[in-house]
Amino acid sequence: MRERFSVFSLFEIITIVITVIVISFTSVLIVAIVLKGLPYLGQAFYSEEVQFAVKMSLFTASISTIICMALAIPTAYALTRTAFPFKKLCQMMIELPLSMPYLVLGLSLLIIFSSDFGKALKELGFKVVFDKNGIIIAQTVVNLPYVVRFIRTAFEEVDERLEFISGSLGAAKWERFITITLPLSKNAIITTIILAWSRGLGEFGATLMLVGATRMKTETLTTSVYLNLATGDTGASMASATIILIISLISLFLTNWIGRKNPQESRMKDVNR
Amino acid sequence: MINTMVEIKDYSIKLGTFQLNNINLNIREKEIFAVLGRTGSGKTVLLESVAGFYRKFSGEVCIQGKPVVKIPLERRQIGFVYQDFGLFHHMSVYENITYGLKIQRKDKAYKKEMADKMAEILSIGDILNQYPGTLSGGERQRTALARALILNPKLLLMDEPFSSLDPATKEMMYQQIKEIHKLFGCTILFVTHDFNEAQIMADRIGIMVKGELRGVRKSTDLFKNCQDQEVNQFLLGRYEKGGAVHERVCFAG
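Protein sequence lines, in the order shown, are assigned to chains A and B.
Under my numbering, the first sequence has 17 at position 17, and the numbering climbs by one with no breaks.
Under my numbering, the second sequence has 85 at position 85, and the numbering climbs by one with no breaks.
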């Protein structure tokens, strides 16, 4: 044991000390929420409002994740596998919202959907402002640039020579995509789905601007934290925060578990065993 | 009459700082042709150009008289075996071999029959259920060959196919590829830096130096002197460094 510790250099000791500080800071944040929220958790689960917020969050996050993936996969393919004019510029436009505050994104959405276009949509039966549709749209807009970027990176990492070989074996472009590109990006895609879903659950800024914070109408878990805190109900607020924390932990666990899973058999694995 | 399988006319391509210059070459049907050159001489780029990998170039590359880039990749009927064999790692050996048949929507029984036939020819019957990550170099190469040959391509392109094999496996593969050539009757174009390999395998050999095809010789005439000093230096196993010519210890020839 002593030998093991003696091999640490000063540089390594400094990095370990900094890591301990980071871990302590994060742990304090988590413990603060858990300690404050746990006593109210049981009560919160029976609360109609919290149940509504949980259902609303799970529903909107799931739908927005599906929309994000449906839009991001073809977009990432076009950006990585096709040659169209102004591709770099398009890529920058798609990823621009990554550096924009969500509140500003929400404001843009509010301007769009409060305009004549939004009113026309409302008349057609698709209400966005102050409606759950707005939550889905806000989550989609916030998550889409991330999802496109993750999937694009995953596609870029797939060796294009394999797709070329697949083509030389008779596969059309869509068949190369389905049989080679997608399966080889599978882990990254699943991880992206989980991350997009968790980020959807935690979205607040853009949602607040577009649909406001109305109890039992546009109330997600994050909105519930905000509303209860604003009305002085710290316990209920902490309980909602704890539920978000539990869901985040589960998705983080799933992400790591999928990341560690390696479907490819390797000789090295046998050697290392 | 001997037909031409591959015809390259005034072909030039620039890839970053590297350039292939004015390549002219005819490869006959059912011929085994080797492109011989040092690392970085442009052999692989030439091979990929024949496969139609690149779009921006000058000149023309034709397969059986048709410009290769105008034939959709899936209809070119070429088999390509990369140096690292390019196996699909998420598929078993069986799935790799039958990939082309799956794309052609062939039924299970036919796929099984053809896979068994290829497995017998290439002696890989015992590894059909394994994944590429668990295979040795020779097994990977034979899997890649089986995958390409199962569709009976008219042109088989191989990028330094023997470079990662041990001497004994190499010798065995030389014989096996010659037998495959007899059996399938396809034209084979492969690139190598190994004189011995080129002479054993090929009918004719093209010599690449600095992105240029400096000559095409019968494999029996490979070491004949010519007026191109760089070709002579390459064949004699010498290399230039800082203007001076140095002898190179050559194990390959």
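Worth flagging that the hints you see were computed from the coordinates, not collected in a lab.
Hints may contain errors.
Pulled from the structure, derived: some chain A residues nowhere near chain B, Cβ distances all over 12 Å [unchecked claim]: (1) F8; (2) F164; (3) R176; (4) L184; (5) L227.
Quick list of in silico lysine-lysine cross-link-like pairs, DSBU-like style, CA-CA up to 35 Å [as the list claims (entries may be wrong)]: (6) K173/A to K106/B; (7) K87/A to K117/B; (8) K70/B to K186/A; (9) K186/A to K102/B; (10) K178/B to K87/A; (11) K173/A to K111/B; (12) K178/B to K173/A; (13) K173/A to K154/B; (14) K186/A to K111/B; (15) K108/B to K173/A; (16) K178/B to K88/A; (17) K173/A to K218/B; (18) K87/A to K210/B; (19) K111/B to K87/A; (20) K117/B to K88/A; (21) K56/B to K9/B; (22) K173/A to K224/B; (23) K9/B to K173/A; (24) K217/A to K102/B; (25) K186/A to K30/B.
Given the structure is predicted, the values throughout are model-derived calculations rather than measurements.
By construction, the Cβ of each residue, glycine as well, lies at the ideal position given by its N, Cα and C atoms.
Hints and how they fare:
1. F8: It holds; F8/A is separated from chain B by about 35 Å at its closest Cβ, greater than 12 Å.
2. F164: Violated: least Cβ distance 7 Å, not greater than 12 Å.
3. R176: 9 Å, violated
4. L184: 6 Å, violated
5. L227: The claim stands: L227/A keeps its Cβ more than 12 Å from every Cβ of chain B (closest is about 47 Å).
6. K173/A to K106/B: 19 Å, holds
7. K87/A to K117/B: Not OK: K87/A and K117/B at ~47 Å, beyond 35 Å, violated.
8. K70/B to K186/A: 33 Å, holds
9. K186/A to K102/B: The given pair, whose Cα atoms are some 21 Å apart, holds under the 35 Å limit.
10. K178/B to K87/A: The given pair, whose Cα atoms are some 47 Å apart, is violated under the 35 Å limit.
11. K173/A to K111/B: 22 Å, holds
12. K178/B to K173/A: 33 Å, holds
13. K173/A to K154/B: With a Cα-Cα distance of about 22 Å, the restraint between K173/A and K154/B holds, given a limit of 35 Å.
14. K186/A to K111/B: This hinted pair holds, its Cα atoms lying about 26 Å apart.
15. K108/B to K173/A: Status holds; Cα separation ~23 Å.
16. K178/B to K88/A: Measuring from Cα to Cα gives roughly 48 Å; hence the hint is violated.
17. K173/A to K218/B: 40 Å, violated
18. K87/A to K210/B: The given pair, whose Cα atoms are some 34 Å apart, holds under the 35 Å limit.
19. K111/B to K87/A: 41 Å, violated
20. K117/B to K88/A: 48 Å, violated
21. K56/B to K9/B: 15 Å, holds
22. K173/A to K224/B: 47 Å, violated
23. K9/B to K173/A: 29 Å, holds
24. K217/A to K102/B: Distance of about 51 Å is beyond 35 Å: violated.
25. K186/A to K30/B: 41 Å, violated
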